[in-house]
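Protein chains: 2
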Amino acid sequence: MQYRISKKMQNLKPSAIREIFKALSDPTIISFAAGNPAPESFPVDDLARLSAKIFAEEPSVALQYGITEGYPALREDVKARLSSRFNIKQDGQMTIITSGGQQGIELLCKTMCDEGDTVICENPSFIGALNAFRSCGCETVGVPLGDDGIDLDKLEATMKACPRAKILYLIPTFQNPAGTCMSLEKRKAVLALAKKYNIIILEDNPYGELRFAGEEIPTIKSLDTDDMVVYSGSYSKVLSAGMRIGFICGPEEVVTKMVVAKQVEDVHTNQFFQMLCHRYIAECDIDKHIEGIRALYRRKCNLMLSELDKNMPDCVKYTRPEGGLFLWCTLPDNIDQGAFIKKAMEKKVAVVPGQAFNCDTSAPSQCFRLNYSTPSDEQIITGVGYLADAVRSML
Amino acid sequence: MQYRISKKMQNLKPSAIREIFKALSDPTIISFAAGNPAPESFPVDDLARLSAKIFAEEPSVALQYGITEGYPALREDVKARLSSRFNIKQDGQMTIITSGGQQGIELLCKTMCDEGDTVICENPSFIGALNAFRSCGCETVGVPLGDDGIDLDKLEATMKACPRAKILYLIPTFQNPAGTCMSLEKRKAVLALAKKYNIIILEDNPYGELRFAGEEIPTIKSLDTDDMVVYSGSYSKVLSAGMRIGFICGPEEVVTKMVVAKQVEDVHTNQFFQMLCHRYIAECDIDKHIEGIRALYRRKCNLMLSELDKNMPDCVKYTRPEGGLFLWCTLPDNIDQGAFIKKAMEKKVAVVPGQAFNCDTSAPSQCFRLNYSTPSDEQIITGVGYLADAVRSML
Numbered sequence: 000m001q002y003r004i005s006k007k008m009q010n011l012k013p014s015a016i017r018e019i020f021k022a023l024s025d026p027t028i029i030s031f032a033a034g035n036p037a038p039e040s041f042p043v044d045d046l047a048r049l050s051a052k053i054f055a056e057e058p059s060v061a062l063q064y065g066i067t068e069g070y071p072a073l074r075e076d077v078k079a080r081l082s083s084r085f086n087i088k089q090d091g092q093m094t095i096i097t098s099g100g101q102q103g104i105e106l107l108c109k110t111m112c113d114e115g116d117t118v119i120c121e122n123p124s125f126i127g128a129l130n131a132f133r134s135c136g137c138e139t140v141g142v143p144l145g146d147d148g149i150d151l152d153k154l155e156a157t158m159k160a161c162p163r164a165k166i167l168y169l170i171p172t173f174q175n176p177a178g179t180c181m182s183l184e185k186r187k188a189v190l191a192l193a194k195k196y197n198i199i200i201l202e203d204n205p206y207g208e209l210r211f212a213g214e215e216i217p218t219i220k221s222l223d224t225d226d227m228v229v230y231s232g233s234y235s236k237v238l239s240a241g242m243r244i245g246f247i248c249g250p251e252e253v254v255t256k257m258v259v260a261k262q263v264e265d266v267h268t269n270q271f272f273q274m275l276c277h278r279y280i281a282e283c284d285i286d287k288h289i290e291g292i293r294a295l296y297r298r299k300c301n302l303m304l305s306e307l308d309k310n311m312p313d314c315v316k317y318t319r320p321e322g323g324l325f326l327w328c329t330l331p332d333n334i335d336q337g338a339f340i341k342k343a344m345e346k347k348v349a350v351v352p353g354q355a356f357n358c359d360t361s362a363p364s365q366c367f368r369l370n371y372s373t374p375s376d377e378q379i380i381t382g383v384g385y386l387a388d389a390v391r392s393m394l
Numbered sequence: 000m001q002y003r004i005s006k007k008m009q010n011l012k013p014s015a016i017r018e019i020f021k022a023l024s025d026p027t028i029i030s031f032a033a034g035n036p037a038p039e040s041f042p043v044d045d046l047a048r049l050s051a052k053i054f055a056e057e058p059s060v061a062l063q064y065g066i067t068e069g070y071p072a073l074r075e076d077v078k079a080r081l082s083s084r085f086n087i088k089q090d091g092q093m094t095i096i097t098s099g100g101q102q103g104i105e106l107l108c109k110t111m112c113d114e115g116d117t118v119i120c121e122n123p124s125f126i127g128a129l130n131a132f133r134s135c136g137c138e139t140v141g142v143p144l145g146d147d148g149i150d151l152d153k154l155e156a157t158m159k160a161c162p163r164a165k166i167l168y169l170i171p172t173f174q175n176p177a178g179t180c181m182s183l184e185k186r187k188a189v190l191a192l193a194k195k196y197n198i199i200i201l202e203d204n205p206y207g208e209l210r211f212a213g214e215e216i217p218t219i220k221s222l223d224t225d226d227m228v229v230y231s232g233s234y235s236k237v238l239s240a241g242m243r244i245g246f247i248c249g250p251e252e253v254v255t256k257m258v259v260a261k262q263v264e265d266v267h268t269n270q271f272f273q274m275l276c277h278r279y280i281a282e283c284d285i286d287k288h289i290e291g292i293r294a295l296y297r298r299k300c301n302l303m304l305s306e307l308d309k310n311m312p313d314c315v316k317y318t319r320p321e322g323g324l325f326l327w328c329t330l331p332d333n334i335d336q337g338a339f340i341k342k343a344m345e346k347k348v349a350v351v352p353g354q355a356f357n358c359d360t361s362a363p364s365q366c367f368r369l370n371y372s373t374p375s376d377e378q379i380i381t382g383v384g385y386l387a388d389a390v391r392s393m394l
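Those sequence lines, one after another, are chains A and B.
Per numbering that gives the first Met the number 0, residue 0 is the first one in the first sequence, and the count goes up by one each step.
Per numbering that gives the first Met the number 0, residue 0 is the first one in the second sequence, and the count goes up by one each step.
It is worth saying that the hints were derived from the structure and are not from the lab.
Because the structure is a prediction, the values reported are computed rather than measured.
One or more hints might be untrue.
[What the hints assert, rightly or not] Heads up, simulated DSSO-like pairs for lysine-lysine below, C-alpha to C-alpha not over 30 Å straight-line:
#, chain 1, residue 1, chain 2, residue 2
1, A, Lys-287, A, Lys-316
2, A, Lys-195, B, Lys-346
3, A, Lys-195, A, Lys-159
4, A, Lys-341, A, Lys-309
5, B, Lys-194, A, Lys-52
6, A, Lys-341, A, Lys-12
7, B, Lys-159, A, Lys-6
8, B, Lys-309, A, Lys-6
9, B, Lys-6, A, Lys-159
10, B, Lys-6, B, Lys-52
11, A, Lys-12, B, Lys-6
12, A, Lys-6, B, Lys-12
13, A, Lys-287, A, Lys-309
14, A, Lys-52, A, Lys-6
15, A, Lys-12, A, Lys-287
16, B, Lys-52, A, Lys-287
17, A, Lys-341, A, Lys-287
18, A, Lys-12, B, Lys-194
19, B, Lys-195, A, Lys-6
20, A, Lys-6, A, Lys-159
21, B, Lys-12, A, Lys-78
22, A, Lys-12, B, Lys-346
23, A, Lys-88, B, Lys-12
24, B, Lys-287, B, Lys-316
25, B, Lys-88, B, Lys-187
26, B, Lys-153, B, Lys-316
27, B, Lys-347, B, Lys-309
28, A, Lys-195, A, Lys-88
29, B, Lys-316, A, Lys-12
30, B, Lys-342, A, Lys-6
31, B, Lys-12, A, Lys-194
32, B, Lys-52, A, Lys-52
33, B, Lys-88, B, Lys-78
34, A, Lys-52, A, Lys-12
35, A, Lys-194, B, Lys-347
36, B, Lys-194, A, Lys-6
[What the hints assert, rightly or not] Short, incomplete list of chain B residues facing chain A, as computed with Cβ under 10 Å:
#, residue
37, Leu-46
38, Ser-82
39, Ser-83
40, Asn-86
Cβ atoms here follow ideal geometry from the backbone N, Cα and C, with glycine treated the same way.
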């Protein structure tokens with residue numbers, strides 16, 4: 000049979016990162032490629048204890064169909080935290096549970112965009128979001144990132160040039176892959192531009208709880224007085240990635256439609272784990288738990304930075320993140336990036352090549368992304384050494 | 000802000016059934032509206048015991064990101080059962096785990112259809128599937144159902160008339176809502192038509208394990224020698240609906256693309272419950288468990304039928320299903336269906352009006368759907384009595 004695959008899916012490739020993840024079944028490879036939380040960050044004992052209680056006390060609720068919007072008590076928990084921790088008001092807003100942060104991104108795109116519409120993104124940006132937009136038949140148009148966030152002049156020029164732009168996708172806090180934070184001034188300016196051109200902002204904030212240095216910057220959503228922002232968050236980086244629980248908070252009119260889109264995708268998110276999340280938040284000290292994760296990543300990030308400082312030739316530049324999971328490195332022009340990635344792989348160190356994060360994936364990149372949350376201390380020390388060797392051998 | 004919602008989502012309404020489900024928080028209402036499995040069908044003790052083992056033995060795998068295709072051991076379980084139980088060969092096919100059967104339906108549509116394409120459906124059909132197709136911007140075209148499945152002449156006429164038809168969506172076994180089974184001859188004829196017009200068949204089989212009377216009929220997928228069929232199954236009706244675990248088996252070229260579509264929707268299905276499913280299948284006797292569910296539904300279905308036989312005026316016709324979860328009832332022409340549904344609701348009995356299942360939701364219906372898996376025996380007896388009263392009062 001000659002399969003007639005849809006135009007939007009025909010040329011869409013699996014995420015390079017997910018593919019690398021599959022290749023990592025070789026245990027001798029040191030992977031700086033994943034974006035996985037550290038396994039020691041999962042509160043296993045508490046989750047095991049609370050699971051047993053759910054099976055004992057409410058099995059019929061936990062194993063039965065639930066409602067699409069999410070388990071009511073967990074939605075209340077999320078709303079309370081958005082309000083108290085992130086200063087995000089709830090009036091006129093609707094907050095629902097999603098199957099990971101990823102689902103919220105895709106649902107918003109489906110809700111707002113028809114095929115041929117445009118999503119404006121930071122360039123580089125999160126590959127999972129870029130592919131979600133492409134899977135809806137949207138064009139992704141990139142605007143370059145500076146050290147303090149997106150280039151405002153180029154953003155406005157892009158908005159002006161793209162009448163079919165419906166969404167501006169931003170990761171303002173610990174951007175993936177660049178690790179940078181958007182300044183408060185830029186957050187305000189971006190809001191004003193979105194209002195001027197009637198474009199919804201999707202503020203993706205999976206790493207917002209993971210600041211381990213520097214000063215907190217308000218979320219864009221907390222500055223929004225015109226209901227322009229849909230905010231996406233996740234428990235993947237603070238409780239468990241494998242359980243697939245995230246949330247969306249946005250204008251009621253938009254999120255009501257997202258609920259319909261979610262209903263036809265998976266009816267609702269795993270009910271048992273929504274209840275488990277709720278019990279964890281109700282009965283344990285999530286702030287203390289998150290403080291522990293921050294301390295862990297601060298230590299791991301500092302270890303990777305000090306190893307880079309000691310070993311890596313000066314011609315390689317890298318960010319010094321204040322939170323999140325990633326370092327972003329730039330090779331000098333005289334080193335061929337593809338040859339470097341290949342050489343690193345020969346030394347059994349996996350990194351993600353920068354072009355995976357480009358809106359235009361055919362555009363070249365001198366960059367690569369390093370993750371410090373997943374590898375062990377020993378792997379960080381050994382792996383960075385190998386990467387430095389690879390660079391030196393190419394000078 | 001004036002939100003620019005996408006054309007495909009603008010007019011899409013939430014599923015009437017899901018909305019009824021939400022309204023059922025009133026505990027005095029007798030609901031025949033849901034499609035929920037009976038709570039006593041969940042193997043709670045086994046799941047609790049196996050969950051504790053997963054937390055003790057493999058917490059880092061269960062709480063961490065997994066791969067999009069699904070937990071490998073569970074995929075092997077599914078493949079083995081498809082082959083041994085349903086005679087579905089695996090060569091040239093790919094089998095992946097989905098977040099419930101619902102997700103597989105939506106993923107196939109996204110993979111095959113661009114906006115404006117057509118999905119041909121039985122009329123009436125499963126509302127969750129119809130809405131999934133609509134959410135992808137597809138037109139749903141209905142072909143009437145007879146007692147032994149879809150009308151073949153009208154199906155061919157529709158295929159001929161719709162050059163943009165990409166998918167033929169069928170629930171051949173215990174059709175939802177009609178409860179009927181497609182005959183073996185029709186299954187073969189439908190395959191031949193699909194081949195002639197180069198249209199993929201989506202065989203949705205959530206109730207295939209729930210036959211409690213009559214002779215088994217082979218799945219369409221098991222008869223398919225041309226890789227025309229994508230088969231969707233689910234653990235929702237045999238283990239737990241709330242866990243959201245289903246699967247898809249179809250031609251490798253198509254399912255490979257569905258994996259990419261799934262990756263951008265939810266990355267992967269809840270990892271812990273995939274492992275729990277696998278352990279249940281490996282360590283417990285799922286056949287014996289399913290036999291128990293069949294006995295339960297046989298009894299409940301027979302109870303509802305005998306109450307209808309005793310109490311309902313002869314002018315109301317209803318199916319006598321050999322499996323699944325539903326009865327399909329037809330009112331005589333002289334009873335206004337909307338007024339009847341309203342009267343039933345006044346008597347605190349909820350049923351689903353037939354037009355919810357129409358491809359053209361503005362088309363009238365004299366039918367309503369009754370579920371016998373969720374209500375208690377007492378509720379079945381009382382509720383059917385009230386429905387009969389409602390009919391009598393309208394004669």
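We went through each hint and held it up to the structure:
Restraint check: the Cα-Cα separation between A/Lys-287 and A/Lys-316 comes to about 34 Å, which exceeds 30 Å; the hinted pair is violated. Under the criterion of a C-alpha separation no larger than 30 Å, the hint pairing A/Lys-195 with B/Lys-346 is inconsistent with the structure, at around 53 Å. Under the criterion of a C-alpha separation no larger than 30 Å, the hint pairing A/Lys-195 with A/Lys-159 is consistent with the structure, at around 10 Å. Between A/Lys-341 and A/Lys-309, the direct Cα distance comes to roughly 23 Å. Compliance with the 30 Å bound is thereby established for this hinted pair.
Between B/Lys-194 and A/Lys-52 the alpha-carbon distance is near 52 Å, which puts this suggested pair outside the 30 Å criterion. Taken as a hint, the A/Lys-341 and A/Lys-12 pair is honoured in the structure, with Cα atoms around 20 Å apart against an allowance of 30 Å. For the suggested pair B/Lys-159 and A/Lys-6, the alpha carbons sit about 23 Å apart, so the restraint of at most 30 Å is met. With a CA separation close to 56 Å, the supplied pair B/Lys-309 and A/Lys-6 exceeds the 30 Å bound.
A distance of roughly 23 Å separates the Cα atoms of B/Lys-6 and A/Lys-159; the hinted pair therefore holds under the 30 Å criterion. At roughly 48 Å between alpha-carbon atoms, B/Lys-6 and B/Lys-52 are farther apart than 30 Å, so this suggested pair is violated. For the hint pairing A/Lys-12 with B/Lys-6, the CA-to-CA distance comes to about 26 Å; that is within 30 Å, so the pair holds. Straight-line distance between C-alpha atoms of A/Lys-6 and B/Lys-12 comes to about 26 Å, which keeps the hinted pair within the 30 Å bound.
Taken as a hint, the A/Lys-287 and A/Lys-309 pair is broken in the structure, with Cα atoms around 33 Å apart against an allowance of 30 Å. For a cut-off of 30 Å, the pair hint linking A/Lys-52 to A/Lys-6 is broken: about 48 Å separates their Cα positions. Note on A/Lys-12 and A/Lys-287: the hinted pairing is violated, with a Cα-Cα distance of about 40 Å set against a maximum of 30 Å. The suggested pairing of B/Lys-52 with A/Lys-287 holds, with an alpha-carbon distance near 27 Å, which does not exceed 30 Å.
With a CA separation close to 41 Å, the supplied pair A/Lys-341 and A/Lys-287 exceeds the 30 Å bound. Restraint check: the Cα-Cα separation between A/Lys-12 and B/Lys-194 comes to about 28 Å, which is no more than 30 Å; the hinted pair holds. For a cut-off of 30 Å, the pair hint linking B/Lys-195 to A/Lys-6 stands: about 23 Å separates their Cα positions. With a C-alpha separation of about 27 Å, the suggested pair A/Lys-6 and A/Lys-159 falls inside the 30 Å cut-off, and the hint holds.
Using a Cα cut-off of 30 Å, the hinted pair B/Lys-12 and A/Lys-78 holds, with the two alpha carbons roughly 25 Å apart. Taking the CA atoms of A/Lys-12 and B/Lys-346, the gap is near 55 Å; set against the 30 Å cutoff, the hint is violated. Of the pairs offered as hints, the one joining A/Lys-88 and B/Lys-12 holds, with about 27 Å between alpha carbons and a cut-off of 30 Å not exceeded. For the given pair, B/Lys-287 sits about 34 Å from B/Lys-316 by alpha-carbon distance, which is inconsistent with the 30 Å threshold.
For a cut-off of 30 Å, the pair hint linking B/Lys-88 to B/Lys-187 stands: about 17 Å separates their Cα positions. Pair hint B/Lys-153 plus B/Lys-316 holds up; C-alpha atoms about 24 Å apart against a cutoff of 30 Å. Taking the CA atoms of B/Lys-347 and B/Lys-309, the gap is near 21 Å; set against the 30 Å cutoff, the hint holds. The straight-line distance between the Cα atoms of A/Lys-195 and A/Lys-88 is roughly 22 Å, inside the 30 Å bound, and the hint therefore holds.
Under the criterion of a C-alpha separation no larger than 30 Å, the hint pairing B/Lys-316 with A/Lys-12 is inconsistent with the structure, at around 52 Å. A threshold of 30 Å between alpha carbons decides the hint, and for B/Lys-342 with A/Lys-6 the separation of about 48 Å lies outside it, so the pair is violated. Restraint check for B/Lys-12 and A/Lys-194: satisfied, since their Cα atoms lie roughly 28 Å apart, inside the 30 Å limit. Between B/Lys-52 and A/Lys-52, the direct Cα distance comes to roughly 15 Å. Compliance with the 30 Å bound is thereby established for this hinted pair.
Taken as a hint, the B/Lys-88 and B/Lys-78 pair is honoured in the structure, with Cα atoms around 9 Å apart against an allowance of 30 Å. For the suggested pair A/Lys-52 and A/Lys-12, the alpha carbons sit about 42 Å apart, so the restraint of at most 30 Å is broken. Among the hinted pairs, A/Lys-194 with B/Lys-347 is inconsistent with the structure: their alpha-carbon atoms are about 48 Å apart, more than 30 Å. Distance hint between B/Lys-194 and A/Lys-6 is fulfilled; the C-alpha atoms sit about 22 Å from each other, no more than 30 Å.
Given hint, B/Leu-46 at the interface with chain A, holds; its Cβ is 7 Å from that chain's nearest Cβ, closer than 10 Å. The interface hint given for B/Ser-82 is violated, since its Cβ lies 21 Å from the closest Cβ of chain A, which is over the 10 Å cut-off. Look at B/Ser-83: its Cβ only gets to about 26 Å from chain A, farther than 10 Å, so that hint breaks. Interface hint status for B/Asn-86: violated, as the beta-carbon distance to the closest one in chain A is roughly 21 Å, over 10 Å.
When held up to the earlier numbered hints, the structure conflicts with 1, 2, 5, 8, 10, 13, 14, 15, 17, 22, 24, 29, 30, 34, 35, 38, 39, 40 and fits the remainder.
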